[in-house]
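Top to bottom, those sequences are chains A and B. Letter by letter, the first sequence follows residues 1 to 519 in my numbering. Letter by letter, the second sequence follows residues 1001 to 1314 in my numbering.
Bear in mind the hints are in silico, worked out from the structure with no lab data behind them. Treat the hints loosely; a few may be bogus.
Claimed, not checked - What the simulated footprint calls covered on chain B by chain A, stretch by stretch (three residues with Cβ under 8 Å from a Cβ of chain A suffice, anywhere in the stretch; the number is not a length):
id: 1; region: 1004-1012
id: 2; region: 1237-1247
id: 3; region: 1257-1265
id: 4; region: 1269-1280
id: 5; region: 1287-1299
To be verified - Away from chain B, derived, C-beta distances all over 12 Å, residues of chain A:
id: 6; residue: Asn45
id: 7; residue: Asp79
id: 8; residue: Asp216
id: 9; residue: Ala257
id: 10; residue: Glu401
id: 11; residue: Asn448
id: 12; residue: Pro519
A virtual CB, placed ideally from N, CA and C, is assigned to each residue, including glycine.
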Amino acid sequence: MRSRTLKLNPFLTLIPALFVAGAAAATEAKVALTADILGTNPGVNRDDNTDGVMLNIVEGLVGYGEGGTVKPLLARSVDISKDGLSYTFRLREGVTFHDGKPFTSTDVLWNWKRYIDPATKWRCLPDVDGTNGLKVISVEAPDAQTVVMHIDKPSALFLDTLARTDCGGTGMLSGASVNADGSWNKPIGTGPYALVDWKKGQSVTLKKFDGYKSPDGTGFDGYVGDKTPGVDNVTFIVVPDAATVKAALLGGNVDVAQALTSDVAELKSTKGIVVLTPSDASKHAILFQTNNPLFKDVRFRQAIAAALDLKQLVGFASDGLSAPSNSAVFGASPYNDDIQKRSFQYDPQKAKALLAESSYRGETIKLIANKRAPMPSSQVALVTQSMLQAVGINVEIEILEWATQLDKYNSGDYQLMSFSYSSRLDPALSFEQFAGDKTKQPRKVWDNPAALALIDKSKTVTDPAERQKLFDELHEMVLADAPLIILYNGLTAWAHRDRVQNFKPWEGKPRLWGMTVAP
Amino acid sequence: MLRYFLQRLLWSVPTVLLVAVSVFALIRLIPGDPALLILGDRATPETLDALRQQLGLDQGLTVQFIAWLGHALRGDLGHSILTGEPILPLIFDRFQVSFAVVLPTVALAGLLAVPLGTIAAWKQGSATDIVTVAGATLLLSIPTFWMGLLILLLFGMRLGWFPIVGYVSISDDWLAGLVYLVMPISTLVVHEVGGIARMARASTLEVLRLDYVTHARAKGLSEARVLLHHVFRNAFGPTWTLLGLILGNLLGGIAIVETIFTIPGLGRLLVEAIFARDYPVIQGCLLCISLFYVAVNLLIDFVYPVFDPRVAVS
């Protein structure tokens, strides 16, 4: 009996050992989320935070490259007809959904039909059904690997709309993502990670999709490029408090987290912590209400622009992590040329002279700001107040809660406002964020008809060189009209434990692919 | 007793109705448009109008209120504007989480503070009394967010005894769930002990001065018997009421602790809904909290005669 047991022992011990070896090989990363996701239906119940998680799970036909240009993602290539009205997407072969089903043009048709159904409540429906101008007339699938979309007028922004993160990248989903009655179930996409579990208010768990087929390319390139997943399991943990996030990171309870810019210096000097501060396409700005009698006068607006030492202001507001940029075109964009780098010049004497010419007579101006982290609104307001005071402009700061400020922004009910615009990767959309007819949309700060015509043109012109000219002209006009002062592009500070390698967030969102962790 | 019960129950109806009307009106008086918050800076007049219509926000306030109240009376609190989730199960889930924090907090705080306050009163003017009063005042003065962070940094980060982030429900795994609850409950207990101990001390002192206590002592009863049988029962009433109030207050008022310790409770849900102007969720949460408050106070009132028979007689 004894000898028999001994004989079997090597086998008995080997089997669990194999399991242990297998388990040990599985890697896991914990990423802190500042808020819970709003839903798992791409482009429907969403915010930036939700998009950041979902874009690891789903992919669209096209996606943004690092500079904001749109590139094929699930498509192998995109051909645009000479008249600019037909887009032919040739799909990549061998792509499968997380449920193992192959991805074909039939899926694209099914997804498109679902997206344009008002019952889906897709956020970007008004951008493709003619409400906001552009209309997709029809979508065809000539064969299993080809999809053709027809639009009603030439557009430089159609592909951009399909790639937009707030549209969920127009992510392609398996039919099993919805229930038999058409209601939402869960996202079964083609992305490098699959959804395992969402515990509301607590965590979102993803696992590596072993059958993932990455687009061609090497290294990181926005939402395209090499997207091969490295970590087996990733758990996003909802940690709303910044102090708790920091403690959890330092205590090793999370591996990756967003950090406050004010904590960057301390975290950089902490052993075992790596800090990243990538900039993005969001814009921090000071808005003028040009319908206000005082601000109608361009000399007054220019006086304010000349009174601001932008280097000092931006240095303070960003904790020394950003540099000023007055351009609507973000730094990494291929359209950010030398002309876009032209800026307002700090000149207190000029400011005083312009002030004397203007109708300003010492009135107190109200500057509205908020304290919503990580936006630097209140910090910008504080320095602006001080700098304007130095040239004789009296400013009173009013701190409002975000929803209240947004209300005032939307109705144009302010004189000066410290505001942050969310990312727009295409310059035409970035200019359009603040330019438009004030009588229809009071939130717009710039209603110069010549500028609006140029922006409209830039939405239809597809030639990059021609677009560059338009954007350069627009930038010069912004500097001359000064309807707002764009201060700098935003940045999101991230920190991770040094066991994490190759974590590269982009546009304030965590990209899980490419990342590896030490077991 | 039954009449008293029914009377108290009937009185709670206008209270809850008043809360419902106030909540509905007040949240809409605050500036901020949920449709605008959802659409952000991509909103156009057309998309805003469409979304407001879809959310029913284009209707008059009276119409919205009647519709909401009608549904609420049928047990349907509507759907979240932000996530589209049905509100009743959402609140029920979050209520359970908060309740798992609040109930042990009040129980532990009561068990610690009542004897402490009673002994301090019994030993009035002694070192025990001075230390208890000073300690209670100090604990009461420390904001919960500060105490929470200190506990988190010491026991979570430095000593590593408890997990800093994450949450496990005690219904899923009671032992793991308990581990996650230690720090938040400790934070709240430390804060609440101060107030309860002071109340217990004050009411005990009041009773100790009464003639019947002197009489009991003159009869030759032991101090322990005087304290437990004659003083405590009469002195505990106000503290009992306070415990009920704390229970009700904490349910909606521990958002800060829930935020620090990543607990997905009702308080956090409410605060997040306020920032997002998620009207149906705000209304649902406040209605739930007020109902709970009313229920707890009813319960407190019904149990009160156990400690003070005069209440039952009256």
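Structure-based check of each hint:
Coverage of a stretch by a chain is defined here by at least three residues with a beta carbon nearer than 8 Å to that chain's beta carbons; for the region 1004-1012 of chain B and chain A the count is 0, and the condition is violated. For the region 1237-1247 of chain B, the assignment as covered by chain A is violated, since 0 residues bring a beta-carbon within under 8 Å of that chain's beta-carbons and 3 are needed. With 5 residues bearing a CB less than 8 Å from a CB of chain A, the region 1257-1265 of chain B meets the requirement of three and the coverage assertion stands. Remark: the region 1269-1280 of chain B is confirmed as covered by chain A, as 5 of its residues place a Cβ nearer than 8 Å to a Cβ of that chain, reaching the required three.
Only residues whose beta carbon comes within less than 8 Å of a beta carbon in chain A count, and the region 1287-1299 of chain B has 0; fewer than three means the coverage is violated. Distance check for Asn45/A against chain B: the nearest CB is about 5 Å away, which does not clear 12 Å, and the non-interface claim fails. Every CB of chain B lies more than 12 Å from the CB of Asp79/A, the least distance being 29 Å, so the non-interface label holds. At roughly 32 Å from the closest C-beta of chain B, the C-beta of Asp216/A stays outside 12 Å, upholding its exclusion from the interface.
With a least CB separation of 10 Å from chain B, Ala257/A falls inside the 12 Å interface cut-off, contrary to its annotation. The beta carbon of Glu401/A is not kept farther than 12 Å from every beta carbon of chain B, the shortest such distance being approximately 8 Å. The non-interface label for Asn448/A is consistent with chain B: the shortest C-beta to C-beta separation is roughly 19 Å, beyond 12 Å. A cut-off of 12 Å between C-beta atoms confirms that Pro519/A is not in contact with chain B; the least separation is 20 Å.
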